[in-house]
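Construct all of the structure, not just a fragment, from the sequences and the given hints.
First residue of the sequence shown? That's 1 in the UniProt record's numbering, and the numbers climb one at a time after it.
Hints are supplied without guarantee of correctness; some may be wrong.
[Unchecked claim] Result set (DMTMM-like, lysine to aspartate or glutamate): computed pairs, CA atoms no more than 25 Å apart in a straight line:
#1 Lys717 - Glu794
#2 Lys843 - Glu764
#3 Lys615 - Asp563
#4 Lys352 - Glu562
#5 Lys291 - Asp341
#6 Lys352 - Asp368
#7 Lys694 - Glu353
#8 Lys861 - Asp712
#9 Lys121 - Asp220
#10 Lys757 - Glu836
[As the list claims (entries may be wrong)] FRET-style restraints, in silico, Cβ to Cβ:
#11 Thr519 - Gln766: 51 to 59 Å
#12 Thr77 - Ser733: 51 to 59 Å
#13 Gly97 - Lys289: 17 to 25 Å
#14 Asn453 - Arg346: 34 to 42 Å
#15 Gly693 - Asp658: 22 to 30 Å
If you are wondering where the hints come from, they were derived from the structure by calculation, not from laboratory data. No experiment lies behind these values; they were computed from the predicted model shown. Ideal placement from N, C-alpha and C gives every residue a C-beta, glycine not left out.
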Amino acid sequence: MEREKNTLPQKACHWMAAVIISLFVLPPVHAQRQTQTINDSWKFLKGECTAAADSAFDDSKWTSIHLPHTWNTDAYTEKDYYRGTGWYRRQLTLPQGWKEKQIILRLDAAGKSATIYINGKNVGEHAGGYTACSFNITPFLSFDTPNTLAVCVDNARQDIAPISGDFTFFGGIYRDVWLTAVPNQHFNLTNHGSDGLFISTPQVSEEQATLSIRGEVKNDAPEKATLELTHTIYRPDGTLLQTLKKNIQLKAGETYAFSNETTPVLKPELWTPETPRLYRVETTLRNRKTKTLLDQSNHYTAFRWFRFDGDEGFFLNGKPYKLRGICRHQDQKPIGPALTDEMHRRDFLLMKEMGANFIRISHYPQDDALLEMCDKLGMLAWEEIPIIDIVPDTPGYGDNCERNLREMIRQHYNHPSIITWGYMNEILLVTQRKYKTEAELKPVLERTLALANRLERVLKEEDSTRISTMAFHGSNSYNETGLSKITDIVGWNLYQGWYGGDLTGFEKFLAQQHQNHPTHPMIVSEYGAGSDKRLHSLHPRAFDFSIEYQQKYLEHYLPVLEDTPYICGGTHWNFIDFSSALRDESMPRINNKGLVYADRTPKDVYHYYQAAWRKDIPVLHIASRDWTDRAGVQQGNAPVYLPVKIYTNLSEVELFIDGISLGKQKTENYTGTFEVPFSNRNPFLFAQGNYQGKTVQDGLRINFTPIPACLDANNLKGLELAVNVGSQCFFTSDESQLTWLPDQPYAAGSWGYIGGKEGTAQTEIQNTADDPLFQTLRNEIEGYRFDAPQGVYEIELLFTDIFRRNAGIAYQLDRNGQQENRENTFGISINGEVVEESLSPCKESGYFRALRKKYYITNDKEYIDIRFHSTSGTCFLNGIKLRNIY
Numbered sequence: 001m002e003r004e005k006n007t008l009p010q011k012a013c014h015w016m017a018a019v020i021i022s023l024f025v026l027p028p029v030h031a032q033r034q035t036q037t038i039n040d041s042w043k044f045l046k047g048e049c050t051a052a053a054d055s056a057f058d059d060s061k062w063t064s065i066h067l068p069h070t071w072n073t074d075a076y077t078e079k080d081y082y083r084g085t086g087w088y089r090r091q092l093t094l095p096q097g098w099k100e101k102q103i104i105l106r107l108d109a110a111g112k113s114a115t116i117y118i119n120g121k122n123v124g125e126h127a128g129g130y131t132a133c134s135f136n137i138t139p140f141l142s143f144d145t146p147n148t149l150a151v152c153v154d155n156a157r158q159d160i161a162p163i164s165g166d167f168t169f170f171g172g173i174y175r176d177v178w179l180t181a182v183p184n185q186h187f188n189l190t191n192h193g194s195d196g197l198f199i200s201t202p203q204v205s206e207e208q209a210t211l212s213i214r215g216e217v218k219n220d221a222p223e224k225a226t227l228e229l230t231h232t233i234y235r236p237d238g239t240l241l242q243t244l245k246k247n248i249q250l251k252a253g254e255t256y257a258f259s260n261e262t263t264p265v266l267k268p269e270l271w272t273p274e275t276p277r278l279y280r281v282e283t284t285l286r287n288r289k290t291k292t293l294l295d296q297s298n299h300y301t302a303f304r305w306f307r308f309d310g311d312e313g314f315f316l317n318g319k320p321y322k323l324r325g326i327c328r329h330q331d332q333k334p335i336g337p338a339l340t341d342e343m344h345r346r347d348f349l350l351m352k353e354m355g356a357n358f359i360r361i362s363h364y365p366q367d368d369a370l371l372e373m374c375d376k377l378g379m380l381a382w383e384e385i386p387i388i389d390i391v392p393d394t395p396g397y398g399d400n401c402e403r404n405l406r407e408m409i410r411q412h413y414n415h416p417s418i419i420t421w422g423y424m425n426e427i428l429l430v431t432q433r434k435y436k437t438e439a440e441l442k443p444v445l446e447r448t449l450a451l452a453n454r455l456e457r458v459l460k461e462e463d464s465t466r467i468s469t470m471a472f473h474g475s476n477s478y479n480e481t482g483l484s485k486i487t488d489i490v491g492w493n494l495y496q497g498w499y500g501g502d503l504t505g506f507e508k509f510l511a512q513q514h515q516n517h518p519t520h521p522m523i524v525s526e527y528g529a530g531s532d533k534r535l536h537s538l539h540p541r542a543f544d545f546s547i548e549y550q551q552k553y554l555e556h557y558l559p560v561l562e563d564t565p566y567i568c569g570g571t572h573w574n575f576i577d578f579s580s581a582l583r584d585e586s587m588p589r590i591n592n593k594g595l596v597y598a599d600r601t602p603k604d605v606y607h608y609y610q611a612a613w614r615k616d617i618p619v620l621h622i623a624s625r626d627w628t629d630r631a632g633v634q635q636g637n638a639p640v641y642l643p644v645k646i647y648t649n650l651s652e653v654e655l656f657i658d659g660i661s662l663g664k665q666k667t668e669n670y671t672g673t674f675e676v677p678f679s680n681r682n683p684f685l686f687a688q689g690n691y692q693g694k695t696v697q698d699g700l701r702i703n704f705t706p707i708p709a710c711l712d713a714n715n716l717k718g719l720e721l722a723v724n725v726g727s728q729c730f731f732t733s734d735e736s737q738l739t740w741l742p743d744q745p746y747a748a749g750s751w752g753y754i755g756g757k758e759g760t761a762q763t764e765i766q767n768t769a770d771d772p773l774f775q776t777l778r779n780e781i782e783g784y785r786f787d788a789p790q791g792v793y794e795i796e797l798l799f800t801d802i803f804r805r806n807a808g809i810a811y812q813l814d815r816n817g818q819q820e821n822r823e824n825t826f827g828i829s830i831n832g833e834v835v836e837e838s839l840s841p842c843k844e845s846g847y848f849r850a851l852r853k854k855y856y857i858t859n860d861k862e863y864i865d866i867r868f869h870s871t872s873g874t875c876f877l878n879g880i881k882l883r884n885i886y
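Next up, the structure:
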C-alpha cells in the first residue's frame, strides 16, 4: 500500500516544539486518511515488568530508543543470547481533529509476540514474529490527556514458530510502528494485518487479461451510510485504462464485502523481471451525496502467468524461464534485523545487480520494502512462514502457524512478484535426529503430516492463484512419509560436497529424484558452502572454509542448475553472511555461506554469478579482492607462482602483472585462471578483454610477502615465519595482519613438521579472535624442525586442546563427529634442552581455549629441532612462529 504523507501546518510548529521533548504530538489532519510512523520517543526495558502496562508507571530510568530496535545484539557474541521479554513504552497526544475518526495501530513486526496496552488496558495480542498486526485502538484513547502506549514483546515462546532453526530469533520491535486515522466509513484495516483490498488476475494471456478487486468496507458510525466505491486502473505509462464504480449502502456497524472485475484488457503489457511493467489501481470511497472523499488506497498490480513442469522446468508467460535465485536473511551485524527501508532496498539492488531474477524470502515474511522492490524492479519471489526442523506437541502451535500463514498471504497478496507460498523447511531434520525409534517417531510424523495438510488447505483457500511449496533436506524420507505429495512443487536443500559426500553427489541426487518422481517439479531451494576471508588454500577441500573451496563448490553447482532442464531453478544459500548464534565454525555466531559479507561487501564469487547471469553488461573481475594480502614460500630469488582467477562473461581475457602480459586465455564456465609469478611486494594485476568491440579492464594491487624456503642470516632479518600447523590453508589474522602459512613436511635445508596427522574441530575457541588458527592441529606430532643459522630466536607455540566431547548442531548434518574425552600431557625439548617437562594445555587454559607459549633460545647449531614427548594422551601442535632476535 502506498501511504499518504502528511505535512505539518506552519501554525502548529511552535506548539509541537513545546511538547515534543516529553511526548509525541500528532498534527491536525487535512487528508481523509493519514498514516505515519511513531518510531521515535520510545523507552525500553529488557526483562519482565508487568507494572509497565499501567499508564502511571514511571519509565524515566529506562533506555531511550528509536525503532526499529532489537535487544539481541548479544547474538553476535553469545551462543546463549537473551530470549525472554522486553517492554516498550511511549506517550501519544492526539489532535482534536481525530476525535471523529477511527484510529488503527499497526506493528509491522515484533519478535516473536507482542501484547499491546493503551492506558493500562489490554488492546490485544499478536503471536508471530515476522508478520504484521493491526488493532483498532479508538475505544481505548483519550483526546483530553496524553495516552500511554505499552508493548510487551517476547522472543522465547515455544508455541510460536520458529522454535528451532539455523538462525537467530531476534527479539524486539524491529520494524516500523504506524498510526492510521480514517473516517468512520473506511476499508477494513484490521484484516489479519492487511489493508483489506485484494487484487488478482483471473485471466491472463498475450491477447487479453482481467483484473479482480475484492475487499471490505466498514461503517463504524452509529447511522447508516450511502457510499460510492470507485476503482480506477492506470496503464504502466500512467494513462487511464478503466474505471469501475459501485454504489453501496451500509447499516450502522456493518462490514460489507465487495468484488469487482474489469472488462478484458486487450494486449496487456506483461510483467517479467526484465520488464517489470506495473498497472496502478486506485480505490476510493466517497459519500455518495456530498462526494466527500472518505478513504483511498493505491496498489500496483501486474499481468503475468506461470507454470512449473516436472520435465521442462519453469515457464513465465508461456516461455521457458530459468529461476536464478538467492535466499535472503534480514539481519546485518551488529544491528540484527533492525534494518531501515533503505538497507532492505540496498540488499535488493545488490541482488538485482548480480543478475538474480528470483528470491526465496527465507525463512519468514520480510519487510514490505523488499517486496515493493521485487514488484517495481523485477524479481520473482517465494515467501514462507518459519516452520522449521520439527513440529512440536505444544498447545496452540498449529493454530498460530495457520494464523501466520493467513497473515502472510493477506498482507502480501497484492505483490505480483510472488509466485509461491511456503510453510515448512527441513521439517524432518531435527525430528529424525531427536526421535530414533519407530515408536517415538510415528506420532511426530503423524503430527507433521496433519499440520502440512491443514496448512495446504488454508493456503489454497486463501490464494488459488499461486502454488504451494516446502523445502526438504537431502533425505528420501520426505517421499517415504508422503510429505512430498502435499505441495505443488518441492524444494531440495542440498549440500553434497560440503557437509558430506562429494560434489558430484549433487547431480546424482537430483537425477534420482527426477527418475523416481518425474511429474513433480523441483527447485534447489538451498545449496552453499562457507567461506572466511582470512582462509585461503591452494588445495581447497570441504569444510576448510577457504574462499577457494566456496568458489570450487559453486562453480560445480551452478552449471548443473543452468544446464538441467527439469530443474526449475535454484536459490543459493545465502545472499549474506548472517547471524546464527548456535554456530561455532571458523566465524562463531555467523553462518558464512554468503555471496556478500555481513557489511554487504561482495565476495569475489558474487562476480561469478554476475558473469553467468548478466548478458546485458560486460563483467570482468580479478577474483582476488578477498585475497589481497598474499604470501608464499620462495626458493632463492625465484618467483612464487600463485593462482589468480578471473570471473568474466567475456570469451577471452588477458592478464598482466606489473605491465608484463601473462598471455590470453579462453574462458570456461565464466572463469579464467592464471599461474602468476609473484616476486615484487606490491605487484599490480591488470586484466582486459573485449566486449562487443569495446575494451573492458580491471586492475588490482596485491600485497605479497615472500617467505624463504631456506633460512639464512640475510633473509631472517625482520622475518616472522608463522605456520598454520595441521592445515593446508593460509590464514591472515584480522588483528595483526600476519599471514600464517600452510603446513609442510620437513625437508633437509628447509623447515616443516615431523610425523603426526591433521586434526580439526569446528568449535569456538576462547581467548582469541583467530579461531581458525586454533581449530586445526597436527595430532601425534613428533617434532618441528627449522634448518636455521646460529643466533638468538623467539619461538612461539600455539595450542588448544580439542579432545573433549562437544555437542554438534543438527545443521552440520553428517559432520557431527564427536571427540573422545581425554587429557593430553607432553614434554617439549628444543635442540635437546627441555623447555616443558609436563605441559597440559587443557589444565593451563581449559578445553577449546587458546594457549600461546613463547621461548627464547640460543641456537649454537645450524638447525632448531623441536621435539614432543607424550606423558599421557597425545602430543599436538596448532601453530608455530619463528622470529630471529640476534
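Structure-based check of all given hints:
1. Restraint check for Lys717 and Glu794: satisfied, since their Cα atoms lie roughly 13 Å apart, inside the 25 Å limit.
2. For the hint pairing Lys843 with Glu764, the CA-to-CA distance comes to about 18 Å; that is within 25 Å, so the pair holds.
3. Only pairs whose Cα atoms come within 25 Å are accepted, and Lys615 paired with Asp563 is accepted, the gap being roughly 16 Å.
4. Among the hinted pairs, Lys352 with Glu562 is consistent with the structure: their alpha-carbon atoms are about 18 Å apart, no more than 25 Å.
5. For a cut-off of 25 Å, the pair hint linking Lys291 to Asp341 is broken: about 36 Å separates their Cα positions.
6. Between Lys352 and Asp368 the CA atoms are separated by roughly 17 Å; this keeps the pair inside 25 Å, and the hint holds.
7. Restraint check: the Cα-Cα separation between Lys694 and Glu353 comes to about 21 Å, which is no more than 25 Å; the hinted pair holds.
8. A threshold of 25 Å between alpha carbons decides the hint, and for Lys861 with Asp712 the separation of about 13 Å falls inside it, so the pair holds.
9. Between Lys121 and Asp220, the direct Cα distance comes to roughly 21 Å. Compliance with the 25 Å bound is thereby established for this hinted pair.
10. Our distance criterion of 25 Å between C-alpha atoms is met by Lys757 and Glu836, whose separation comes to about 22 Å.
11. Under the hint 51 to 59 Å, the C-beta atoms of Thr519 and Gln766, about 53 Å apart, fit the expected range.
12. For Thr77 and Ser733, the hinted distance range of 51 to 59 Å is not satisfied, since their beta carbons lie about 19 Å from each other.
13. For Gly97 and Lys289, the hinted distance range of 17 to 25 Å is satisfied, since their beta carbons lie about 22 Å from each other.
14. Checked against the hint of 34 to 42 Å, the C-beta distance between Asn453 and Arg346 comes to roughly 40 Å, which is consistent with it.
15. Range check, Gly693 to Asp658: about 28 Å between beta-carbon atoms, so the 22 to 30 Å window is met.
Of the hints listed earlier, those the structure fails to meet are numbers 5 and 12, in rising order.
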